[in-house]
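Chemist: Build the full structure now, drawing on both the sequences and the hints.
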Amino acid sequence: MSSHRRIRATPFHARTAASNPFNRWAERNGFTLALDFGDAQEEALAARANVVLLDISWRSRVWFEGANAAECVSCLMTRDARRLQPGQSLKALWLNDDGDVRGAGGVARFAADRFLVASAAEDSAWFAQAARQFQTSFREVTEEQGGLALIGPFAKAVLDAAGLDADIELLSFRKLFWRGLDITLSRWGEHAGFEIWCDADDCLILWDRLMRAGAPFAIRAAGLAASDILDIEAGIPRPHRDYRPAIDGAPSGPLPASLGLESLIDDAHRTFNGAAAWRARKPASTALVGIEIDSETPASFVPLIHSGAVAGHTLTSVHSPALRRAIALAQVEKHLAVAGTAFSLVLPMSLDQAAAQPVAARVASLPFVKPADAL
Amino acid sequence: MSAPVSYDAIVIGGGVNGLAAAAYLARARKKVLLLEKRDGLGGRCAPVDLGEGFSASRAAPVLYALDPRLLGDLRLSRFGFRPAGRELPLVGLRGGAKQIVLSRNVHGTAASILPHSSADAAAWPRFRAKLFEMARAMRPLWWEAQAPPLDGDIREDIARILSAGASAWLDSWFKSEALKAALCFDATAGGLSLAEPGSAMALLWRAAQEMSGLQGAAMIPAGGLPALAAALVAAAQDAGGEFRTGASVEEIVLDEDRAAGVRLRSGEVCFAPVVLSAVSRHRTFYDLLPPGVLGLSHAASSDRPSPLAQAHVLAVLTNAPSIGGAPLASRFIVAEKAETYISAELAARNGEMGDELPIEFTVPTSLDAFIVPPGQHVLSAVVRPLPREPKGGWDRLRPALGAKVIAAIDGLIPNFSRDIARIEVLVPDDADAGTDIARLTAPYTHRVHTPVSGLFFCGPEADPVSAISGRAGRIAAQMAMCP
Chain A
1 MSSHRRIRAT PFHARTAASN PFNRWAERNG FTLALDFGDA QEEALAARAN
51 VVLLDISWRS RVWFEGANAA ECVSCLMTRD ARRLQPGQSL KALWLNDDGD
101 VRGAGGVARF AADRFLVASA AEDSAWFAQA ARQFQTSFRE VTEEQGGLAL
151 IGPFAKAVLD AAGLDADIEL LSFRKLFWRG LDITLSRWGE HAGFEIWCDA
201 DDCLILWDRL MRAGAPFAIR AAGLAASDIL DIEAGIPRPH RDYRPAIDGA
251 PSGPLPASLG LESLIDDAHR TFNGAAAWRA RKPASTALVG IEIDSETPAS
301 FVPLIHSGAV AGHTLTSVHS PALRRAIALA QVEKHLAVAG TAFSLVLPMS
351 LDQAAAQPVA ARVASLPFVK PADAL
Chain B
376 MSAPVSYDAI VIGGGVNGLA AAAYLARARK KVLLLEKRDG LGGRCAPVDL
426 GEGFSASRAA PVLYALDPRL LGDLRLSRFG FRPAGRELPL VGLRGGAKQI
476 VLSRNVHGTA ASILPHSSAD AAAWPRFRAK LFEMARAMRP LWWEAQAPPL
526 DGDIREDIAR ILSAGASAWL DSWFKSEALK AALCFDATAG GLSLAEPGSA
576 MALLWRAAQE MSGLQGAAMI PAGGLPALAA ALVAAAQDAG GEFRTGASVE
626 EIVLDEDRAA GVRLRSGEVC FAPVVLSAVS RHRTFYDLLP PGVLGLSHAA
676 SSDRPSPLAQ AHVLAVLTNA PSIGGAPLAS RFIVAEKAET YISAELAARN
726 GEMGDELPIE FTVPTSLDAF IVPPGQHVLS AVVRPLPREP KGGWDRLRPA
776 LGAKVIAAID GLIPNFSRDI ARIEVLVPDD ADAGTDIARL TAPYTHRVHT
826 PVSGLFFCGP EADPVSAISG RAGRIAAQMA MCP
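Just so you know, the sequences run in chain order A and B. In terms of the working numbering, the first sequence opens at residue 1 and continues consecutively. In terms of the working numbering, the second sequence opens at residue 376 and continues consecutively.
Note that these hints are calculated values from the structure, not bench results. This list has only true hints and no planted wrong ones.
Sample of chain A residues facing chain B (criterion: CB under 8 Å; computed from the structure):
#1 75
#2 96
#3 97
#4 129
#5 130
#6 133
#7 134
#8 271
#9 273
#10 274
To give a feel for the contact side, a few chain B residues facing chain A, derived at Cβ under 10 Å:
#11 632
#12 666
#13 668
#14 670
#15 671
#16 674
#17 675
Residues of chain A placed beyond 12 Å of chain B at every Cβ, according to the derived structure:
#18 163
#19 170
#20 211
#21 324
Ideal placement from N, C-alpha and C gives every residue a C-beta, glycine not left out.
Modeler: Here it is in structure tokens:
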């Protein structure tokens, strides 16, 4: 996607490079990040059983500020940000004029006239032109800060050990001054973990402190591959990975319902962009489901066969160490989106698999794996 | 604040499209109110007092796209509108060489081309016939709200034109740089580029127009453009239309998702279930509607005027210019070759003025069509392409532009600079919004209809090419009156 875009390093690169024994890297949102730190499967398991540290600096973050910022963000998002109090956040979609999904992310209200929008894919041009229409100040700060996610049942314990008050609810955040560092501690992520954000210049200090505090809990760094496993296990479709956002010039994009994202739209919020078109749409003919595959080999973007006919297709597929099998997100015909519905698929061929191999699969409830409770 | 007043329709903007819309609505017995923020009506046709007994319209005084239906339906001749010059030939002005005079006289035109290229002289009758044939075939799209699809051979011809840049298309017909340079000026209307695929359509659009019953003609009205504005005002008032000047609209009032009226700067609210906006697209969708009412993409698309623009340069002369080989009542083109346009465009896109600039000028006082003190004359020049937002601003560029125009014409007309009493440069405004290929190929309904129920757009960008036309106003009024 970004073959012609400048690739940047995150502020944690010096630490992730030192910890990346096999020098495996991947690109996400224009940043180069460690694919894994030795074993993605073990890193994903550690997020279930212990605690891991993930570099999430690649996530796009933009500020909306000004007297009309609340109106602007409210118009952009499918849930009404005007209802947030400072310190609160919500998750929402933003749609194009035709009611297709452009993006999904979180909105945090820092002050009456100040909002932060964070997302897995950047859409700055869209946000900027919306801000112009509302005469609102817009600023992208993705490169100005770094962020770490602390995920796992011992995440809170690590923060306690580091001297941070981690007693905050999901979808809340707090600005703190922590031993000379200005940080924001939040719970915006999908894995019941914590995020810690700071200025780019302070990132290496942040990394070192959290690693030291987490050492008694066997903290380890986790790369993008482990993050992908966690996302799929949580049932989260990702932009540019599982669906093409409906950005300008792209073909008609996905409907919220076909991505299982309807819960991010508030029916009572009448005036978000694309609302009229979305409400006028016919119901989606497909639904997002989880698929368990009777194989350890992932099968991304392959057809799903039901009663001899193609009835859907997988999206991203990974091997789940927690479930010890391959799993996938998938879009299937709506009437088949019932837990237990049986499908078959053909595993992709490879050097190790020269012949097409059909395997059985079935619909599973999402999430595949719930986040572990904090200890 | 006075009690709210209710109308059948409100028109925002008193330019030609707004006046036309108001006149059509008034003739249909609608209680219509037209609101104009300036003190006078007419928009770019309104007289601008430039001092010392000299008055001019912002737009150059040549009409080539006025909707013929306005003349008949509104009976503008009853209200003083008449042509001073019915058909102006197009003259490619050549220093030290024979002029190229392109007129309705096909054989005379061919004879004029002959010294430059015998092959081009032979091709001219076929080119003109083909151009006019294709132009007539496109008229339903460019003259009415909707048009049936084309069929037959003409459809194939038009399809080829749609992918052709104007310069490439003219290259396929002619060899003479002088002839091509004269023809290119009309292809650069609205900021189009000669190399842009589809810009040849601009030549068809120009040839599809009809003035004084003559296809593709150019006309100068008696009394200049202010006379046109006055005739439209009189026609609308005669039918019962109401006008208010000095009335700036601040907001289009909505009742849920439909238009309900307008709010003026004074705070007064005027109610109407139908609102027609004849101001620019940016002002209509960005300024007058609350943000978020239209889709964000739709509103954002109103925010990108063409980077190319044109300026109107007026030279007051103490003597009538002497131009040998062509009638003074002509449209004169000053451009050495097609590359002149392309070089000027490249400079303009960089925010600069080109070293050589294409110029079209007329001498409207040769037709008694201008307000000047006795004994003086006016040369009216349109210069394009120019940067819409030049580096350093128009205050810096204005004097240089005037000097460049004088120098260009001085080389072609004896004693021209000696006879100049003063120069006025009228820089681009938001009524000169540019055009694009999409507008040339889409029906009026796509531009006039808006996502807000009861709101119709008939500003400069509603026409395929922004010109003194009135057609968008007529069509918007007709669409507004449809149940």
